[in-house]
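Novice: Put chain B with the ligand on the given structure of chain A with help from the hints.
Sequences listed follow chains A and B, in order.
If you count by the working numbering, then the first sequence holds residues 1 to 189, one letter each, in order.
If you count by the working numbering, then the second sequence holds residues 1 to 170, one letter each, in order.
Honestly, I wouldn't trust all of these hints.
Just so you have them, the derived chain B footprint on chain A, three or more residues with Cβ under 8 Å [as the list claims (entries may be wrong)]: (1) 36-46; (2) 58-68; (3) 87-99.
Ranges of calculated distance between the beta carbons of each label pair, as one might list FRET restraints [what the hints assert, rightly or not]: (4) Q9(B) with L2(A): 51 to 57 Å; (5) L33(B) with D166(A): 47 to 53 Å; (6) P128(A) with R132(B): 34 to 40 Å; (7) L161(B) with D184(A): 49 to 55 Å; (8) E174(A) with P44(B): 29 to 35 Å; (9) R32(B) with T105(A): 53 to 59 Å; (10) R13(A) with G164(B): 51 to 57 Å; (11) T116(A) with L33(B): 35 to 41 Å; (12) D166(A) with D134(B): 56 to 62 Å; (13) D166(A) with A122(B): 30 to 36 Å.
Hints are computed from structural coordinates only; laboratory data are not their basis.
The structure displayed is predicted, hence computed values, not measured ones.
Ideal placement from N, C-alpha and C gives every residue a C-beta, glycine not left out.
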Amino acid sequence: MLRVDAIRAVLDRVGGAPIVSNLGGTTFHLHNLDDRDANLYMWGAMGLTSSVGLGIALAAPDRKIVVMDGDGSLLMNLGSLGTIARQSPANLVHIVWDNHQWAGTGGQPTHTAVVTDLAAVARGSGIPKVAAVSTLEALEEAFDQAMREDGPWCIIADVEGSDNPDRPDVSIEENLQRFRRTFDRPAAR
Amino acid sequence: MAWAEQIVQGLKDAGVSLAAYVPDGVTWRVLRLMEQDPFFHMIPTTREEEAVGIISGAYAAGQRGAVFMQSSGFGNTVNALATLNIPYRIPFVWFIGMRGGPGEFNLAQVPGARAIPGILDALGLQYFHLTREDELDRTLSGVIALTYAGRLPVANLLSTLMTGGRDAPR
Ligand SMILES: Cc1ncc(C[n+]2csc(CCOP(=O)(O)OP(=O)(O)O)c2C)c(N)n1
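Next up, chain A with everything else stripped away, as it sits in the complex (with noise of 0.2 Å):
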């Protein structure tokens, strides 16, 4: 499964929950798709994409929350399933694109290339909902059931590794504030 592929499938079942990009190639693929204003796209900030989604979904328990992870920025922060684990929203969805590499570098790969299970450390670390798809169709189930059922999910999705987005021109702060306006709490200020 190629990750653009991956990446248009969830937005067609995804209907307005915000979502949340890894830097690199997810985020210019969800800009490049559709660029909807729940959308908050990182250009940095690796490892905390799933940091990022918790946050989010914490202070918005009533709504779904996705998280496009990559299995660098995972590797970077694997501290962060356990937190996810102990905090255990039910809104939290977790994916994970698996191309066993770090593309946005030049494609070295990861260790999810060579040893390291990613589905089994989310799993050990305590996160009930665990599923590894590495077709279409398993993720779209898999992502059906994830944002029917409580959470929180984490889902491993194998893919291909070789693909160049073109990179978006985006505003960083005028995407934030766009994100939070999404929300009926802009009181934060």
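Specialist: Just chain B with the ligand now, kept in the frame of chain A:
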């Protein structure tokens, strides 16, 4: 009120109800009060950068939060500050339990703590040394107002001169 109670009250007055932390002996004197207070939602984390990421996400969804850490954990936050908080303009209320100053016994606590003002200066972030219990509530409410008006984290450095440090009577 003792300094720890003043911080709890200051957070409540400002509507800061989420708190993420990696514990330390000094900030725990605040955190343990918050852990028992249903006003707060507490988030223990594995690493200080994670705590910054979580509270930043909460702000993106419209909620105020605080991050607590020991000075030794400050270095773990730099990438989050540089690539998330500063470019997106994401504030959080920030407490750093200082080690490495008066009363320090552990040499490994000294270099990292000493570097904090210089690193914050280089990043263009503000910080205030909280040294006196009798000025704390005024300073703290001012710093929280500044944090959200400036839309950037502002560090409250909890000095051993105020807290008594790690070995102060609890
Ligand atoms: C803290 C930090 N370290 C390293 C980098 C360089 N870097 C940019 S993208 C990237 C790879 C990220 O890998 P992954 O999360 O798997 O996403 P992919 O690039 O495969 O889409 C790296 C290492 C960075 N931006 N930030």
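Novice: Confirm or reject the coverage of the region 36-46 of chain A by chain B under the rule of 3 or more residues with a beta carbon closer than 8 Å to the chain's beta carbons.
Specialist: holds (count 6)
Novice: Is 30 to 36 Å respected by the C-beta to C-beta distance linking D166(A) and A122(B)?
Specialist: holds (33 Å)
Novice: How does the region 58-68 of chain A fare against chain B when you require at least three residues with a CB closer than 8 Å, holds or violated?
Specialist: holds (count 3)
Novice: Lying within 51 to 57 Å: is that true of the beta-carbon distance R13(A) to G164(B)?
Specialist: Since the Cβ atoms of R13(A) and G164(B) sit about 55 Å apart, the hinted range of 51 to 57 Å holds.
Novice: Counting residues of the region 87-99 of chain A that have a beta-carbon nearer than 8 Å to any beta-carbon of chain B, does the count reach 3?
Specialist: violated (count 1)
Novice: Taking the beta carbons of R32(B) and T105(A), is their distance inside 53 to 59 Å?
Specialist: Hint violated: Cβ distance 43 Å, outside 53 to 59 Å.
Novice: Does the beta carbon distance between Q9(B) and L2(A) stay inside 51 to 57 Å, or does it fall outside?
Specialist: Given range 51 to 57 Å: holds, Cβ gap about 54 Å.
Novice: For T116(A) and L33(B), compare the CB-CB distance with the range 35 to 41 Å and indicate the outcome.
Specialist: Distance hint for T116(A), L33(B) holds at roughly 40 Å.
Novice: If I claimed the Cβ atoms of E174(A) and P44(B) lie 29 to 35 Å apart, would that claim hold in this structure?
Specialist: holds (34 Å)
Novice: Is it true that the C-beta distance of L161(B) to D184(A) lies inside 49 to 55 Å, as the hint says?
Specialist: violated (44 Å)
Novice: Starting from the hint 34 to 40 Å, judge whether the C-beta atoms of P128(A) and R132(B) obey it.
Specialist: violated (47 Å)
Novice: Okay, L33(B) versus D166(A) on CB: inside 47 to 53 Å?
Specialist: holds (51 Å)
In this structure, the earlier hints numbered 3, 6, 7 and 9 are contradicted, and the remaining ones agree with it.
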